[in-house]
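Please model the entire structure based on the sequences and the hints provided.
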Amino acid sequence: MQVKSVLVAALALLPVSAQGATVELDRQEVAPGQTVAVRLAGWPSGNVAIELCGNEGRRGTADCAVASSATTFVGAQGSATALLTVAKPPVGCPCVVSVRPVGGGQARTVPITVKGVRTLDEAQRAEADAAVPSLTVTSVRLEGGGPSGAWFGGSAERTLVYTVQNDGDLPVTDAPVSLAVGRAPDPTGILTAPAIGTIEPGASKTFRVPVKLNGPAFGAYQVRGEVEGQARDVVFTAETSSYPWAWPLLLLLLVAAPGLRRRVPAAKPAPGGTATAVTVACPHCGGDLHLRLTDPAPAAPTGTAPEEADPAPAGTGDGSWAPADTGGDPAATRTDKVVATARPETATTAVLPPFGGDRPGPAA
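In mature numbering (1 follows the signal peptide of the UniProt record, and there is no 0), the protein residues as written are -20 to -1, 1 to 344.
What the hints contain is simulated information worked out from the structure, not anything from laboratory work.
Certain hints may be false.
Said to hold, decoys possible - Label pairs and their in silico Cβ distance ranges:
| id | residue 1 | residue 2 | range |
| --- | --- | --- | --- |
| 1 | G85 | R7 | 23 to 31 Å |
| 2 | E9 | F187 | 18 to 26 Å |
| 3 | A11 | V112 | 44 to 52 Å |
| 4 | A11 | T61 | 19 to 27 Å |
| 5 | G199 | G85 | 20 to 28 Å |
| 6 | A103 | E123 | 43 to 51 Å |
| 7 | G125 | A183 | 26 to 34 Å |
| 8 | T65 | D101 | 24 to 32 Å |
| 9 | A56 | A11 | 31 to 39 Å |
| 10 | D154 | L233 | 20 to 28 Å |
Cβ atoms here follow ideal geometry from the backbone N, Cα and C, with glycine treated the same way.
Written out as structure tokens, the structure reads:
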């Protein structure tokens, strides 16, 4: 008794998925049009499809009433409940309720009796097993993208393009196709798939389905499709991504904008900047003139004349000069202004030509 209690306690500590997935029905006999409650326990988290199938579901969805199937989401606790509307399966009984993960995996079935549906004998079941539709999806892709509202974090639009081909020996008419879109690997958004009509043996058809990724569209997305009613699962996927590229681009432009503006020429340095030393030999001035030339002052504002500094006596070192002593004769005094363009720091020696004929005469 103590050992049994220990085993029960150990099982209770196991994850629900480790104890095995189970399916329970609220009734064992139903008629077409009625509903049956399906309770799930011990299932891994994700979407599941619930269908009523004939022929014990031996051919997969080819034996099931796919059009009346139900889907539900199993949470982290591994349990869920869904209502299934009963419809006649495409083949006779023995009938079962089949539950399978939408993302692929082993289906679980429980028997159920459906009123008004014949039961197949062994020969009929063998014949049904031989007539297996064989559709395949030969290509699938998502088209679209480029600048749109998604660049600013809005919704994004794509187009799903897929091709279905009949590889069997019999025509296939209106095989159900289910489509879902969302985050990989388990998209949950339902898309409306177009009816495929009739596909003859060896023929194929291409379908285009608009896909909208609700905003804010950010990251990787997946579209998952399944062609149902086949002997084996025909699952196809396509992936795309969407990112709000406009925001980082705008941020980059804002950061780079100061460097993109037109550069304004730098103002010339004010007096007192880089100096050029000039020595002028002046025979009529009583000696050499030592000058220091600086860059010209910045241009004065419009309508204002630049101010000029009064010349200072020679030897003050401020860039002005005066003639040497001429014996006190004011008439023998002459002041010339030397204009030069600022150059890099150099020493220059020049000789002034002799003066002539420009000295004032005696008073009358």
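Going down the list of hints, with the structure as the test:
no.	hint	result
1	G85 <-> R7: 23 to 31 Å	holds, 26 Å
2	E9 <-> F187: 18 to 26 Å	violated, 40 Å
3	A11 <-> V112: 44 to 52 Å	violated, 29 Å
4	A11 <-> T61: 19 to 27 Å	holds, 21 Å
5	G199 <-> G85: 20 to 28 Å	holds, 25 Å
6	A103 <-> E123: 43 to 51 Å	holds, 49 Å
7	G125 <-> A183: 26 to 34 Å	holds, 31 Å
8	T65 <-> D101: 24 to 32 Å	holds, 28 Å
9	A56 <-> A11: 31 to 39 Å	holds, 36 Å
10	D154 <-> L233: 20 to 28 Å	violated, 53 Å
Hint compliance for this structure: hints 2, 3 and 10 are not met, and every other hint is.
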